[in-house]
Structure formats: C-alpha cells, structure tokens
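A.B. asks: The chain contents come next:
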Amino acid sequence: METPKTTEFAHIGKSVIIKGELSGSEDLYVDGQVEGTIQLQGNSLIIGDSGHVRANVNAKGVVVQGKLEGDIQATERAELKKSAVAVGDIITQRVSIEEGAYFKGKIEVQRESGRSSTSAASAGSGSQGKPAGN
Amino acid sequence: MASVAHSFMKLFRSSGGAGEESGATQAARRLTRRSSGLAELAKVLETDGTLCVLDLGYTSPANIRYFTERGHKIYSEDLLLSSTDPDLLTRDELGNAALDSKRFLTENLAFPSGQFDLVLCWNLPDYLDETLVKPVVGRFWTLLKPGGMLLAFFHTREAGPDAPCYRYHIVGPDTLEMQHIEPRRELRKGPTGVAHTSVGAGFSLQRVFNNRHIENLFRDFSSIRFFLARDNVREVLVVR
Numbered sequence: 001m002e003t004p005k006t007t008e009f010a011h012i013g014k015s016v017i018i019k020g021e022l023s024g025s026e027d028l029y030v031d032g033q034v035e036g037t038i039q040l041q042g043n044s045l046i047i048g049d050s051g052h053v054r055a056n057v058n059a060k061g062v063v064v065q066g067k068l069e070g071d072i073q074a075t076e077r078a079e080l081k082k083s084a085v086a087v088g089d090i091i092t093q094r095v096s097i098e099e100g101a102y103f104k105g106k107i108e109v110q111r112e113s114g115r116s117s118t119s120a121a122s123a124g125s126g127s128q129g130k131p132a133g134n
Numbered sequence: 001m002a003s004v005a006h007s008f009m010k011l012f013r014s015s016g017g018a019g020e021e022s023g024a025t026q027a028a029r030r031l032t033r034r035s036s037g038l039a040e041l042a043k044v045l046e047t048d049g050t051l052c053v054l055d056l057g058y059t060s061p062a063n064i065r066y067f068t069e070r071g072h073k074i075y076s077e078d079l080l081l082s083s084t085d086p087d088l089l090t091r092d093e094l095g096n097a098a099l100d101s102k103r104f105l106t107e108n109l110a111f112p113s114g115q116f117d118l119v120l121c122w123n124l125p126d127y128l129d130e131t132l133v134k135p136v137v138g139r140f141w142t143l144l145k146p147g148g149m150l151l152a153f154f155h156t157r158e159a160g161p162d163a164p165c166y167r168y169h170i171v172g173p174d175t176l177e178m179q180h181i182e183p184r185r186e187l188r189k190g191p192t193g194v195a196h197t198s199v200g201a202g203f204s205l206q207r208v209f210n211n212r213h214i215e216n217l218f219r220d221f222s223s224i225r226f227f228l229a230r231d232n233v234r235e236v237l238v239v240r
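Chains A and B, in that order, are what the protein sequence lines are. Going by the working numbering, the first residue of the first sequence is number 1, and it counts up by one from there. Going by the working numbering, the first residue of the second sequence is number 1, and it counts up by one from there.
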C-alpha cells in the first residue's frame, strides 16, 4: 500500500515519538511511535510499515501495516496487512487479515443492527480481499 | 511480548517466510484434507448463539473469517511460535534445560476460567516442547466451559519422525487446507550455556502418542473420541 498523500492524511513521520492522548477529526497516518490512546471517531487510522503504536485505537477504519499493541475499536473496518504485527483485541464490523500477518488476541465482529446477515470478514492472500457482501 | 513477536516476524520475512512467497507458490504448498473431527464441530458451530473459540495455530485469515462469519468470537494464540521465546529457557530441579511452563501459561493462556466453547489445538501436542504439554492441557481443561470441546491432531507411528508441521486453515465445514510451516527460530544454547537463536528447518515432531497416552493426557475430560485418517493422523475430539 502506498503512503497516502499528506493532503489526504495527517502524517506522523518515522522520527516522531508521541506519548499521550491523540485525537482528531481527520484521517491519520502513523509511521512513527505513538504511546497512549488514539481517538479518531469518524475517521481512519493507518499504521505504516515503520509505525509502532502502543495504544488503544478508536476509529472508523484502521489499517495496520506495522506494529500495534493495543485494542482496536473500528466502527466500520479493521485491516491487518501482511506486514502487520498486532497484539490486542479487535471489535469491528468488518475485518480483513492478509496472509502473513501476525495477530494475537480476540476478534469480534459486531454487525450494525438492521443490516442483512452477510459475511463481515474477509481474508486476503497477499493482496487485499474484497469483503463478501460488498 | 509484541517486541518478541515483531522479532519473530522479522526473522520469518528475512528468511523468505510465507509473507514473501508468491501466491502461486503458497497455493502450491497447500494440501486439502477432510476432517471428521471438524465435521463434528460444524454441527455445534451452526448454533444461533455466539460461541467463544480459541485457535492455537498460526494466524489464519481463513479460520478468523470462518468463525466471525458465523457470529462467533475467535481468539488467536500461536502457542507453537510462542514456545520458541528464548526468555522461557530455564533450568529444572536437576539443572537440566527446560522451559518455564508457568511463565508460558501466564503470557499466553491467561484467560478467565470457563471462557471457551471450543479450543482448536491442531497438531500442537505433537510439536510442543515436552515440559509444556501437560501444563498446557491442564490449562485447556480450566479454560473450557463444561461441555466445551477440544480438537487435536496426533500423528501415528506410521507418519514417521520427519512428519512435517502444518498450519491448518478451515475452508469448509469438514475440509481443511494444510500449509507447511516455514523455517522457524530455534532455541539453542551455545557452549557457554547462553541461549541464542537460529533459523531451523521447521518444527520437529517431538513424540508419537499412542491411544493410551492420549487418553491419559486428557483423563480429566469427560469424553474422548478418535477419528483415524488416511494420512496417519489421529484426530481427537474431547469434551470437558
């Protein structure tokens, strides 16, 4: 996955270290180190290849390409790319895990009430799989 | 713990691990087998309720998908990989090298009692270090709900000492895909007694259980069923 354009995502670079509560109302790309909590309700978080996050994450969508130690609460979707190392619990509507990703923890798919009961999880094999039901 | 996991993953990738193989190569390594034990579990999985499943194999997107699609919760714990943590190395009462089973259980199977409806052991007991097998099985009994089930695979003697270690992916109610596990980090001690790691040829079969051994291993469980498969694997389904 290419690094998103800085105009699309707020960007935390590789050399940046942040400790504390991180919150915002825009999409965020983390390639540095974050320790604490990340609150991005309604927005997306991408943890880049070099990113190392030790925090619980609350966002609309979460994509992990680097390291995450913490729980993910994603209102729409959580993705672990093949380079991901994720330790923690994931609660989301849709989850996608690529072959090669390392995951330790719980995954719970909570579907939005009123939606039809279609698959809420997809599995990739080297490339992102399209979620069934989409 | 995540730093250890990250080191593992770096080692896998630098050694040409699964993540760097082409899709065609990966697909070529997968074998399909029917599983009678899984077929029995499928009857339980079609319940309307939410089951809590513990998958003790390598992270499997297919398994996660299979259970979450059916509305169940799944916990993923790669115990075989975790057992290669160099920090587990210790000495027993006689001064022999051993793995710290208490630490292993604390770091990898620290769940509330009676949490799980289903534990997928796969081939774990065949490849796990001797010092960990009984403590881990004892912990399974604690973690399972009354009536909870555990599925494990054991090689027969005919499988031979070089039986490869596979990952198991659920692709149907009674069908598994087997994928050979890539080279792993091995625990070794150097001449000075200091633990160090190296890339080995894969997990080695540690022992062959016969039926009596298996019955003894799961003696605290209420029932045990055996399913013998053509690939010299004995599938065992136990009920807590």
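It is worth saying that the hints were derived from the structure and are not from the lab. It cannot be assumed that every hint is accurate.
Simulated pairs of lysine-lysine, DSS-like, Cα-Cα distance not exceeding 25 angstroms [as the list claims (entries may be wrong)]:
(1) Lys145/B - Lys102/B
(2) Lys106/A - Lys60/A
(3) Lys43/B - Lys106/A
(4) Lys145/B - Lys43/B
(5) Lys60/A - Lys14/A
(6) Lys102/B - Lys60/A
(7) Lys145/B - Lys19/A
(8) Lys145/B - Lys134/B
(9) Lys19/A - Lys60/A
A.B. asks: So, for every hint listed, does it hold in this structure?
C.D. replies: Going through the hints against the structure:
For the given pair, Lys145/B sits about 22 angstroms from Lys102/B by alpha-carbon distance, which is consistent with the 25 angstroms threshold. A distance of roughly 19 angstroms separates the Cα atoms of Lys106/A and Lys60/A; the hinted pair therefore holds under the 25 angstroms criterion. Under the criterion of a C-alpha separation no larger than 25 angstroms, the hint pairing Lys43/B with Lys106/A is consistent with the structure, at around 23 angstroms. The hinted pair formed by Lys145/B and Lys43/B meets the criterion: a straight-line CA distance of about 17 angstroms does not exceed 25 angstroms.
For the proposed pair Lys60/A and Lys14/A, the alpha carbon gap of about 23 angstroms is at most 25 angstroms, so the pair holds. Restraint check: the Cα-Cα separation between Lys102/B and Lys60/A comes to about 39 angstroms, which exceeds 25 angstroms; the hinted pair is violated. Between Lys145/B and Lys19/A the alpha-carbon distance is near 40 angstroms, which puts this suggested pair outside the 25 angstroms criterion. Between Lys145/B and Lys134/B the CA atoms are separated by roughly 19 angstroms; this keeps the pair inside 25 angstroms, and the hint holds.
Between Lys19/A and Lys60/A the alpha-carbon distance is near 22 angstroms, which keeps this suggested pair within the 25 angstroms criterion.
Of the numbered hints listed earlier, those contradicted by the structure are 6, 7.
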